[in-house]
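Since the structure of chain D is provided, determine the placement of chain R on it from the hints.
The primary structure of each chain is shown beneath.
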Amino acid sequence: MNSLIFSTISRLLVGLMLLFSVFLLWRGHNEPGGGFIGGLVAAAGIIVYGLAEGPAMMRKLLRVNPRTLVLIGLLTAMFAGILPLLQDNAFLTGMWMFIGATATDKGLALGTPLIFDIGVYLVVVGGVAGMVIALEEEL
Amino acid sequence: MPAEISPQTNAYSNSEIRQGINNSAKIAFACALASAIAFFVAYLSQISTISAEIPWTFNTQWVPRLGVELAFRVDGLSLLFGLLISGIGILVVIYSYGYFKAHKSHDRLQWLLLAFMLSMLGLVSSDNIILLFIFWELTTITSFLLVGFDHENSNARRSALQALLVTGGGGLALLVGLIMLAQASGTYLLSEIIAAGPAIAEHEHYPVILTLILLGAFTKSAQFPFHFWLPNAMAAPSPVSAYLHSATMVKAGIYLMMRLQPSLGGTEEWFYALSIAGGITAVWSSMMALKQNDLKLMLAWTTVMALGTITLFLASNLQIAALAAVTFLVVHAFYKCALFLVIGNVDKSTGTRDFNKLGSLVRFMPITTVGAVLAALSMAGIPPFLGFIGKELKYEGALALAEQPWLIVATAVAANAMMVAIALTFIFRVFLGGQSTITREPKEVSVLMWIGPVLLATAGLLSGIFPDLIAQSFIQPAVSSILATSSEVKLSLWHGVNGPLILSVITVAIGTLLFFKLNLVSQAINNLVEKLPVISDNAYEVLLNGTQSLASGLTNRLQTGSLSHYLTIVFSVFVVSVTATLLYQPVAMNFTNLTAVTPLIALVVIFMMGAALVLAFSNTRLLSICALGVVGSGVAVLFLVFGAIDVAITQLMVETLFVVLIATVLIKLPRFPEQKNSAKGRGYRDAFIAIAAGVVMTIITLGVSLTPLDMTVTEFFEANSLVKAYGRNIVNVILVDFRALDTLGEVAVVATAAMAVIALVKVRVHPQGPHS
Numbered sequence: 001m002n003s004l005i006f007s008t009i010s011r012l013l014v015g016l017m018l019l020f021s022v023f024l025l026w027r028g029h030n031e032p033g034g035g036f037i038g039g040l041v042a043a044a045g046i047i048v049y050g051l052a053e054g055p056a057m058m059r060k061l062l063r064v065n066p067r068t069l070v071l072i073g074l075l076t077a078m079f080a081g082i083l084p085l086l087q088d089n090a091f092l093t094g095m096w097m098f099i100g101a102t103a104t105d106k107g108l109a110l111g112t113p114l115i116f117d118i119g120v121y122l123v124v125v126g127g128v129a130g131m132v133i134a135l136e137e138e139l
Numbered sequence: 140m141p142a143e144i145s146p147q148t149n150a151y152s153n154s155e156i157r158q159g160i161n162n163s164a165k166i167a168f169a170c171a172l173a174s175a176i177a178f179f180v181a182y183l184s185q186i187s188t189i190s191a192e193i194p195w196t197f198n199t200q201w202v203p204r205l206g207v208e209l210a211f212r213v214d215g216l217s218l219l220f221g222l223l224i225s226g227i228g229i230l231v232v233i234y235s236y237g238y239f240k241a242h243k244s245h246d247r248l249q250w251l252l253l254a255f256m257l258s259m260l261g262l263v264s265s266d267n268i269i270l271l272f273i274f275w276e277l278t279t280i281t282s283f284l285l286v287g288f289d290h291e292n293s294n295a296r297r298s299a300l301q302a303l304l305v306t307g308g309g310g311l312a313l314l315v316g317l318i319m320l321a322q323a324s325g326t327y328l329l330s331e332i333i334a335a336g337p338a339i340a341e342h343e344h345y346p347v348i349l350t351l352i353l354l355g356a357f358t359k360s361a362q363f364p365f366h367f368w369l370p371n372a373m374a375a376p377s378p379v380s381a382y383l384h385s386a387t388m389v390k391a392g393i394y395l396m397m398r399l400q401p402s403l404g405g406t407e408e409w410f411y412a413l414s415i416a417g418g419i420t421a422v423w424s425s426m427m428a429l430k431q432n433d434l435k436l437m438l439a440w441t442t443v444m445a446l447g448t449i450t451l452f453l454a455s456n457l458q459i460a461a462l463a464a465v466t467f468l469v470v471h472a473f474y475k476c477a478l479f480l481v482i483g484n485v486d487k488s489t490g491t492r493d494f495n496k497l498g499s500l501v502r503f504m505p506i507t508t509v510g511a512v513l514a515a516l517s518m519a520g521i522p523p524f525l526g527f528i529g530k531e532l533k534y535e536g537a538l539a540l541a542e543q544p545w546l547i548v549a550t551a552v553a554a555n556a557m558m559v560a561i562a563l564t565f566i567f568r569v570f571l572g573g574q575s576t577i578t579r580e581p582k583e584v585s586v587l588m589w590i591g592p593v594l595l596a597t598a599g600l601l602s603g604i605f606p607d608l609i610a611q612s613f614i615q616p617a618v619s620s621i622l623a624t625s626s627e628v629k630l631s632l633w634h635g636v637n638g639p640l641i642l643s644v645i646t647v648a649i650g651t652l653l654f655f656k657l658n659l660v661s662q663a664i665n666n667l668v669e670k671l672p673v674i675s676d677n678a679y680e681v682l683l684n685g686t687q688s689l690a691s692g693l694t695n696r697l698q699t700g701s702l703s704h705y706l707t708i709v710f711s712v713f714v715v716s717v718t719a720t721l722l723y724q725p726v727a728m729n730f731t732n733l734t735a736v737t738p739l740i741a742l743v744v745i746f747m748m749g750a751a752l753v754l755a756f757s758n759t760r761l762l763s764i765c766a767l768g769v770v771g772s773g774v775a776v777l778f779l780v781f782g783a784i785d786v787a788i789t790q791l792m793v794e795t796l797f798v799v800l801i802a803t804v805l806i807k808l809p810r811f812p813e814q815k816n817s818a819k820g821r822g823y824r825d826a827f828i829a830i831a832a833g834v835v836m837t838i839i840t841l842g843v844s845l846t847p848l849d850m851t852v853t854e855f856f857e858a859n860s861l862v863k864a865y866g867r868n869i870v871n872v873i874l875v876d877f878r879a880l881d882t883l884g885e886v887a888v889v890a891t892a893a894m895a896v897i898a899l900v901k902v903r904v905h906p907q908g909p910h911s
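Listed in order, the protein sequences are those of chains D and R.
Residue 1 is where the first sequence starts when you use the working numbering, and the numbers rise one by one after that.
Residue 140 is where the second sequence starts when you use the working numbering, and the numbers rise one by one after that.
It is worth saying that the hints were derived from the structure and are not from the lab.
These figures come from a predicted structure and were not determined experimentally.
Worth double-checking, as some hints may not be accurate.
Unchecked claim - Restricting the straight-line Cα-Cα distance to at most 35 Å, the calculated cross-link-like pairs of lysine-lysine (DSBU-like) are:
id: 1; chain 1: R; residue 1: 430; chain 2: R; residue 2: 240
id: 2; chain 1: R; residue 1: 240; chain 2: R; residue 2: 487
id: 3; chain 1: R; residue 1: 670; chain 2: R; residue 2: 656
id: 4; chain 1: R; residue 1: 496; chain 2: R; residue 2: 243
id: 5; chain 1: R; residue 1: 901; chain 2: D; residue 2: 60
id: 6; chain 1: R; residue 1: 243; chain 2: R; residue 2: 487
id: 7; chain 1: R; residue 1: 496; chain 2: R; residue 2: 240
id: 8; chain 1: D; residue 1: 106; chain 2: R; residue 2: 863
id: 9; chain 1: D; residue 1: 60; chain 2: R; residue 2: 240
Isolated chain D, as found in the complex (with noise of 0.2 Å):
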C-alpha cells in the first residue's frame, strides 16, 4: 500500500503497540493481560507496519526469521519447566524470589511463570508474524 499518511502512522503504531504488548504481559499476572494476548497485540502491530511497508521491512523489523523466534519461544517456555526440576519440584512448578520485600510489602516478584509467558509470547509473535510475512511473500 502506498499511502504516505498509513506509512508514517504505521510506524508511530507499530513503537506504541510493541510497548504496550510488553506492558500487557508484565501485568498479566495481576490484571488482564499475559503473554498470549501480548503476542497478539505486538503481532499486530508488526502486521500494520507490515502492510504499510512490505515483507521484506517486517524481517527487518523482527531481526530474527520468525521460524526461529517459535523457536526460541519454545525453548523459553521449556527452560520455566525445567528450572525447578534442578531443585526437586515437579516440571513446570511456579518459582518465585522478591526483590526488596519487607514485612509488609512484596516487593518486585519474578518467578518463573514470567519466564514461561515471555516463552509463549515469542511464540505467538514469531507464528503469527511468520505466516503473514510469508503470505505476503508468495501472494
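For chain R alone, kept in the frame of chain D given last:
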C-alpha cells in the same frame, strides 16, 4: 492350498558379491555369540538351586503407577526354555556365521538374532504379565524382521507381513485377556496368579479370559485355524527357520499355555479347546507335510504337527500328560533344529531342496549325513533315541486320559506314523539312497555349518541312552512348574512290553507302509485338499484384501480434499450425534434461572445476526470476511459484558488478526463463482445443516447454563491464585502456573501450525510437480 514356496536356488553364495566378512559382521557375531554363551552358562549355573524348586527372582520398579515392575522369575519351566533358547542360540549363531559369510547383510542378521533371542529369554523369564506381553510383542516384531530378512523378495515380504498380522492380532487379544486375568485375580504377578490355583475358573469372566488368552497362544503357536502362517514363514533363511521353529517363536504360545495351566487349566473348556485345536492341527499338518516335495516345507509342516501334539497333551492336567508334553518339547527342539540346519547345508551345497532331485548325499556330505540321519531317527521315535522316550510318553499320556483316550491315541498314532514316513524319506530318499538328478557335485560344508546339527543330533541320542542326564535336572522342574506341585519324574527307554510299546510298533509299521506308498499317499492328500471349500490361507487373503479395499473406499469418500465437504461431514456428524444423545438423555429446560437480557446485549446480538445474514448472502469474499469479523467482535463484546476481560481481549485480537490475515490472502482470489442452478440444491442442503447445527448448539448452551455447575475447581483457583501463585488474574495464573503443562502443549501446537502454514505457503508448485 497354502502358497508354495518355490525351492530357492543358492542365493547366498553365488549371487552376492563376495566381499569377505566385514568388520561390522564380526562385531555383531561376537556380541550375539557372547550373549548366548553368557546366558547359557548363567542358566546352567542355576540348575541345582532351581531343580530344588527355589526360583531365581529379580524385581525392580519400572512404572510404579501402572503396577508394571521389571519382575523376573526363573523357575523350572523358564529354565528349560532358557537353556533351549540360549543353547540352540549359540549353535544357530555359529551356523549363521558360516551360512551368511558372503552375504551383504550378515551383520543385520546377527543383530536380529541377538534381539530375538533376548526377547524370547525375557518372555520366558517375566513374572509381571505386562512385561511378559511386552516381550511377547518384541518377539513378534523381531521375528517379522527375521522372516522378511530377504526383503527384496516379495514372497518373503508377504510371509513376514502375514506372520506379523496373525501373531500381532493374537497379541492384541492376549493383552486384553491378560489384563482381565490380572483384574480377576487382583495381581499382575504371574507367580501369584498361579499360586492362587484354579480359583479363576469360578470367575464370571473366565470363558472370555480363556478365549482371549488362547487366541494369543494359538496364533503364536500356529494352531488350527491360524496354522497357515508358519509354513509360509519358510521364506526365511534356513538358520532363522531352525531357530524360530525349534526353540523359540512358535514355542512362545506353548510356553504361555504351560505357564497358565495351573490357573486356567483343569476345566472342560480348557480341555476341549486345547484337545480339539491340537488334534486337528496335528493330523492336518502331518498330512500336509506328506504331500510336500520341498524338504524345508515338509519340515515346517512337521513343526506345526509337533505344536499341535504338545497342545493336545497340555489339554489334560495329568502328570503323565505334562511329562509327555515337556519331553516331546525337548525332543522336538533337538531334532527339528538339527534338520533345518541340515536342509540349509543341502540347499547351499546342491542348490535345491526338492527331495525328488536329491539322492545319496552321503557320498558327498558324510558329516552332514550323520547329523541328518541321527536327527531323523529321533524324529521317527526309534530307540534308543530321546524321540523314542518322547513317543512312548505320548502314548502313555494318551492312554491315561479320562476322557476320549482312544480318540487321542488315534490322533497321536496317525501323526507319529506320518512322522516316521517323513523321517524315512529324509534318510532313504535324500541321504542314504535315491537317485540324484542335480548336475553339480555337492561339497561338504565347513565345520561351522555341520557342528550344530551333529551336536544336536548327538544330544538326542545321548539323552535317549542316558535319560537321567536330563530327567531330574530339566524335565522334572519344568513338569513341577506346569502342574504347580512337586513331581517325581523318571525317564527310561525300556518299560517292558505294554500298551505304549505295542502302539509304537504299530506306528513304525504304518509309517513304513506310508513311506513305500508315498507317491500314492501324497496324490490322495492332494485330491482331498482340492475338495475342501475354505483354506485358512485363502481366508486370510480375502480378509486382508477386504480390509484394504474397505479402508481405501472409506478414505476416498471422506478425504476428498474439498474443505466444504469436510465441513459438511463434521457438522452433519455433530448434529446427528448430539441430537441422538439429546433424545436419549433429554436435558431439563428450566428457563427461570436465565439472566435478564439487557438492551446492550440485545443490540449486540441483533448486530451479530445481521452480520450473519450478510455473510450468508454475500457475493464477495471481502464482504464475507468483514461480516464474519463483526460476528466475532460481537462475541468479544459479550465476553466483556459478562466480565471475562482476558477472553474478550484475546477474542478481539484473534478476530482482528484473522480478518487481516484472510484479507491478505483472499483479496487476491477471484470472486465467488456464479451460483449455477445445479448448485441451488447444495445451497439448501448447506443451509439446512447450518441451521440444524445452530439449533443444536443453542440447546447445548442452554442445557449447560441451566445445569448447576460443580464449583470445586473454580473455588480452588480463587482461593489459591494469590496465595500460592502470587497472581490476582486467575485466568493468567491458570494458564502459566496451575495448568502450565496444557499451555505448553497449546503453544507447541501454535508453533507447529505456524510452521506448517509457512511451509505450505512456501512450497512452489510447478507444472511438473511440487518436488522440482
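Going through the hints against the structure:
1. 430/R <-> 240/R: Since the Cα atoms of residue 430/R and residue 240/R sit roughly 33 Å apart, the hinted pair holds (cutoff 35 Å).
2. 240/R <-> 487/R: Roughly 12 Å between the alpha carbons, so the hint for residue 240/R and residue 487/R holds.
3. 670/R <-> 656/R: holds, 22 Å
4. 496/R <-> 243/R: holds, 30 Å
5. 901/R <-> 60/D: Since the Cα atoms of residue 901/R and residue 60/D sit roughly 19 Å apart, the hinted pair holds (cutoff 35 Å).
6. 243/R <-> 487/R: Holds. Residue 243/R to residue 487/R sits at ~17 Å (cutoff 35 Å).
7. 496/R <-> 240/R: Holds. Residue 496/R to residue 240/R sits at ~26 Å (cutoff 35 Å).
8. 106/D <-> 863/R: With Cα atoms ~13 Å apart, residue 106/D and residue 863/R stay inside 35 Å; holds.
9. 60/D <-> 240/R: Given pair residue 60/D, residue 240/R is violated - Cα atoms ~61 Å apart, limit 35 Å.
Hint 9 from the list above is the single one not met by this structure.
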